[in-house]
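J.: Using the sequences provided together with the hints, build the complete structure.
Number of protein chains: 2
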Amino acid sequence: MDLRKLEAFYYVFKTGSFSRAAEEIFLSQPTVSTHISSLEKELGVKLFDRNGRNALPTPAGRLLFSRVRELFDLLKKTKQEISELKEQVEGEVIIGASTIPATYLLPPVLANFLKEYPRVSVSLEVSDSWEIWNKTINGEVDFGLTGGIFEDDFLQVEKVLEDDLIVIASPELNLDFTKVFNFSQLKTLPWVMREKGSGTRKAMERTLNQADVPFSELTVVLEVKTTEALVQYVLNGIGLGFTSRMVVKDYLDKGLLKEVKIKDLHFSRSFYLVWNPRREAFPLFCKLREFIKNNIGKARV
Amino acid sequence: MDLRKLEAFYYVFKTGSFSRAAEEIFLSQPTVSTHISSLEKELGVKLFDRNGRNALPTPAGRLLFSRVRELFDLLKKTKQEISELKEQVEGEVIIGASTIPATYLLPPVLANFLKEYPRVSVSLEVSDSWEIWNKTINGEVDFGLTGGIFEDDFLQVEKVLEDDLIVIASPELNLDFTKVFNFSQLKTLPWVMREKGSGTRKAMERTLNQADVPFSELTVVLEVKTTEALVQYVLNGIGLGFTSRMVVKDYLDKGLLKEVKIKDLHFSRSFYLVWNPRREAFPLFCKLREFIKNNIGKARV
DNA sequence: TAAAAATACTCCATAGGTATTTTAT
DNA sequence: ATAAAATACCTATGGAGTATTTTTA
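As they're listed, the protein sequences go chains A and B. With the numbering used here applied, the first sequence covers 1 to 301. With the numbering used here applied, the second sequence covers 1001 to 1301.
Below are the EDC-like pairs computed for lysine to aspartate or glutamate, each with C-alpha atoms no more than 20 Å apart in a straight line:
(1) B:LYS1249 x B:ASP1164
(2) B:LYS1041 x A:GLU81
(3) B:LYS1187 x B:GLU1217
(4) B:LYS1005 x A:GLU7
(5) B:LYS1046 x A:GLU92
(6) A:LYS76 x B:GLU1040
Far from chain B, by Cβ distances over 10 Å, these chain A residues were calculated:
(7) SER19
(8) PRO30
(9) GLU116
(10) VAL180
(11) GLY197
(12) GLU217
(13) GLU228
(14) GLY255
Worth flagging that the hints you see were computed from the coordinates, not collected in a lab. The beta-carbon is built from N, C-alpha and C at its ideal position, and this holds for glycine as well.
T.: Encoded structure:
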């Protein structure tokens, strides 16, 4: 089963003659003969009845012909599509994103991108920042969009959005929300926290360091895996939480959550596109990164 | 684009490694390397990003992978189907049949055959007997079913049905249908005749020869290409006609046509399966011929 | 007798191997 | 330092050719 042999077969079928097929594909007649008999031997069936004048296809020949035609069409289509891939924005891309970008930032961006480039298909992997970083390094995702970046590596990093992080609490909590707190005043209150590895957690730890309050002194009563869960627990008055303003904007507007103001501290963290610059830069990848950079945070969910 | 190279590609994609792919398909790692780069050169795109640890598929690689999988499935299915063809009754067959068999005899037979063997597809070519004979010789049809057979050839012939030929006329014609005619009494009456080459015409000429009445003495007022047309003209009283009793049985029963009895002459002709014995005898062909032989003329249309 | 396919043989391109170097972590 | 891929080079299978024979209408 060799493509050259199948091609010879195809033309013998079409021309009804070994020698005419040979002419059409610029082979000698004996070569065509050997190709056909090689196929016949491999399949264990006669493909043509030779009557000295024409090559008459057997039922096996007829079946093979229709399949070979499909096969050649498939190959042709594949080559065509691949060569388009080199210049146009199409194909399959796997994005890795940490919780907040994946849940709150990416959906409208991807929706618009897919509207503009309908021949693209996107897979989205959601993990925490550290996982995304690793998946970007080892190639499980084509690029990442995360809230945490890490050291000593060779990934390309580009900041795409600056985010505002705040401390939140339920209005039912016995707190004066007009007061500006000193940070150490809050460390004995109960906190709900994201897990280690999350970008939010990382930003929190960095900020506490700046304030000379070791993370370990904080009273963490609950550690959760998702932003959504964190918000729900804080809404129910379990304790204080720390998250992006964007995420809770609606709750703040409706008064379901309150911001706890912190003196002289502006928690802030950014979101980054990260990718391996050694990987081949297909138009799909470049255009999608560019699109994310230009559109992220513009539309709200 | 060689199947071996595509196979190597397939396993590199699946294992994420050139050397592991090499192991799986019992090639050396360098061979796999050259196969992949040969494909990349041919397509003009990188298929994998090599990072020293894994082979990471590019969008082109992903696309090719899904197509290659389709392609291998197609090949596998084709081989499977062809090997079934060797033993089972399935595939495509082209039958050539002359007018009467095609119109009046074959339909119920083929319907039953296809019910029993649903994986068979039948093409039916309808021409006059001489055409069918030739198409069987030169392979345009796999076998023929005709009312006329010819000399000096190498086709296998098997009689499958004996038919009764009669002279018919419209009851409105001014004839005594109780009388038994002498043949030469009828030759001056107007005749509707099938064209030269038709089996019915051939039978008619043969019969006239036996009666020592040259065909040329007959008053032929109309020559038609189909049995159906002949019957219609006779029904309308244009003249006498000559055709198989089977064809006009219903009209005779209803009295729309009358038989003109001929003294001492029994026109008769048979139908034959004809085929080229040098062509490969696939189960499909053998079984279908056998089926036709056993069932033809049993059921009425 | 004339055509088409099969056979015999020769040749060389390339698939595939081994040994080694380069690359990347 | 280690593991993987690339490179260099060699070998041999089989694809493709020419010349010729066989087959069949």
